[in-house]
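Participant: One-letter residues, chain by chain:
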Amino acid sequence: MLNDIYTVWLREMTRFGRARSRVVSSLAMPLFWLIFLGTGFGSAFSLPGMDYTAFLAPGIIGMIVLFTSIFSGVSVIWDRQFGFLKEILVAPVSRVSVVIGKALGGATVATFSGLIMLAIAYAIGAIQPSYGILPAMAFMFLTGTCFVAAGLAIAARMRSMEGFQMIMSFIVMPTFFLSGALFPLSTAPDWMRAISNIDPLTYGVDGLRHALAGNGMLPIWLDFTILAVLALVAISLASYLFRRGAL
Amino acid sequence: MKPAIATKNLTKEFGRNRAVASISLEIKQGEIFGLLGPNGAGKTTTISMLSTLIQPTSGSAQVSGFGLERQDEIRKAIGIVFQDPSLDDELTGKENLDFHGRLYHMPSQLRAIRISAVLKLVGLEDKAGQQVKTYSGGMKRRLEIARGLMHHPKILFLDEPTLGLDPQTRRGIWDYISKLNQREKVTIILTTHYMEEADALCDRIAIIDRGKIIALGTPTSLKDSLGGDVLVIEAIEVEKLASLLNGTGKTKITAGQLSVTVHNGERMAPKLLAIAAKHKIKITSLSLKKPTLEDVFIRHTGRTIREEEASPLDMMRVRRRAR
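Listed in order, the protein sequences are those of chains A and B.
So for the first sequence, the working numbering puts the first residue at 777; every next one is plus one.
So for the second sequence, the working numbering puts the first residue at 126; every next one is plus one.
For reference, chain A alone in the conformation it holds in the complex (with noise of 0.2 Å):
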């Protein structure tokens, strides 16, 4: 089993080697958010005792995770349309691995563009390089298993790249814009809190603020747990439909 979530997770990073160029170009609309939005918004509002692009930053790199991962989860349909899967779901391999190496695989690709967006901020000074690096990674990489198990499994019923539009305005945008990464959540409304609470991304940036920034709603642990838990779920639930309509 180890075996086969290992060989997965190499597919996804020798393809990913092929298309560095390709992820580099991912990270130009991230980047634009971060600096205009950043410096915009900076200038015409105040946080309480926090800079802004200080408090956007690691918004935008769960941006990015969120991007990365989801993507590469539902990538599984062009697999299907190509006829890929196929040659993986009649080797003796289970589907459940199938689904971790994917999922591990997807979110080291996650991780890897985070970090990338990371040195960026760095660079521009919208954060100080710290230790936070390392737990900030954790919280990349669990996220970034969330969001691609959420992404295959939304990509096991589908059967065409016609729903594609359709997840990036009714689940990703959504879930970007509800996880607090822009705006604190601290002064949303209750209905728009409750509707945070359910979204992974919440905690994933909560995390990552934690870590780079200093500050949280949460504490990090508490963010941290119900990150594992949620990203269990999905791969399980993965998992569940993969077994069921693979084909």
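Hint data in this document are derived by calculation from the structure and do not stem from the laboratory.
Note that CB positions come from ideal geometry on N, CA and C, so glycine has one too.
Among the hints, a few may not be true.
[Stated by the list, open to error] One side only, chain A facing chain B, incomplete, derived with CB under 7 Å:
1. R794
2. A867
3. V869
[Unchecked claim] Here are some chain A residues the structure puts well away from chain B; computed CB gaps all over 10 Å:
4. A795
5. V800
6. L803
7. A895
8. Q941
Given chain A, work out where chain B should sit, using these hints.
Facilitator: Below, chain B without anything else, positioned relative to chain A:
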């Protein structure tokens, strides 16, 4: 010897559509068995069930001695080359094979040995280090066949192995398939809607139409079931000749032409000419028509195995293959 595959009333329904309707057959170990039929006849569905990708609605099957519910044992025992390309284009040929070897739990040394062996078998050693997206359609197909063989399966499924390939590549792949069958002693089940392919390659053929087996046998026996070869003769005195030849085969005169149905037309033709010469009957033309599997299909269904009905999906397949 136990059969490689035995099915009993194997059936698959998609909603109201019976894609495979109660198929029972036995495939012997070591033979090349062909499932021949038009598009949508149920060939791929049959293979998908036998390779554990989908579950039958009813009926049962044994693959390499295992019932269909024993998925893992079956998966280890079979190799499969799908109708649609199933390679990872971003990876190199070698990486695709390596991934496959890992999926089948082969240790790294064995993987290295098998990879170079199968690459040699399909003649892709030179291209192994290049990304698959740079391969031609035929090269991709060969790589897929190589991959299907890498874990030394007892049974190899080939779903339309030469669909959309040019005639030269097609012949090349036929060669590989029969070589494989002889050298590796692997049982091969292939689906095709190309008559010549089934005829050239298969030891036995099941002709399927609309989910049912309508004829089964060796290519020769299937063709013989039509009564044999037909000699078509044009002569001045056809009636006289017809009565003289009554003993040799079934005779029929249509539009001044005499057709005689005989076994082994090549050998009969000179004898027939000799009879005509003896009776001073002048023959102006003689031609030999050998029955084809197409004729067998027409006899049983009243239709041809039509390619004109190729669905848009098939057209896309052909285009993608040919790339």
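Participant: Indicate, hint by hint, whether the structure satisfies it.
Facilitator: Status of each hint after checking the structure:
1. Evaluation of the R794 of chain A hint against chain B yields a held restraint, the C-beta minimum of about 5 Å falling below 7 Å.
2. Given the 7 Å rule on beta carbons, the hint for A867 of chain A holds: about 4 Å separates it from the nearest Cβ of chain B.
3. Hint status for V869 of chain A relative to chain B: holds, with the closest Cβ pair at about 6 Å, below 7 Å.
4. Its beta-carbon lying about 7 Å from the closest one in chain B, A795 of chain A breaks the requirement of being farther than 10 Å from that chain.
5. Distance to chain B confirms V800 of chain A as a non-interface residue, since its nearest Cβ pair spans about 17 Å, more than 10 Å.
6. A cut-off of 10 Å between C-beta atoms confirms that L803 of chain A is not in contact with chain B; the least separation is 20 Å.
7. No beta-carbon of chain B is positioned within 10 Å of the beta-carbon of A895 of chain A; the least distance is around 26 Å.
8. With a closest Cβ-Cβ approach of about 22 Å to chain B, Q941 of chain A is found to remain outside the 10 Å limit, as its non-interface label requires.
Hint compliance for this structure: hint 4 alone is broken.
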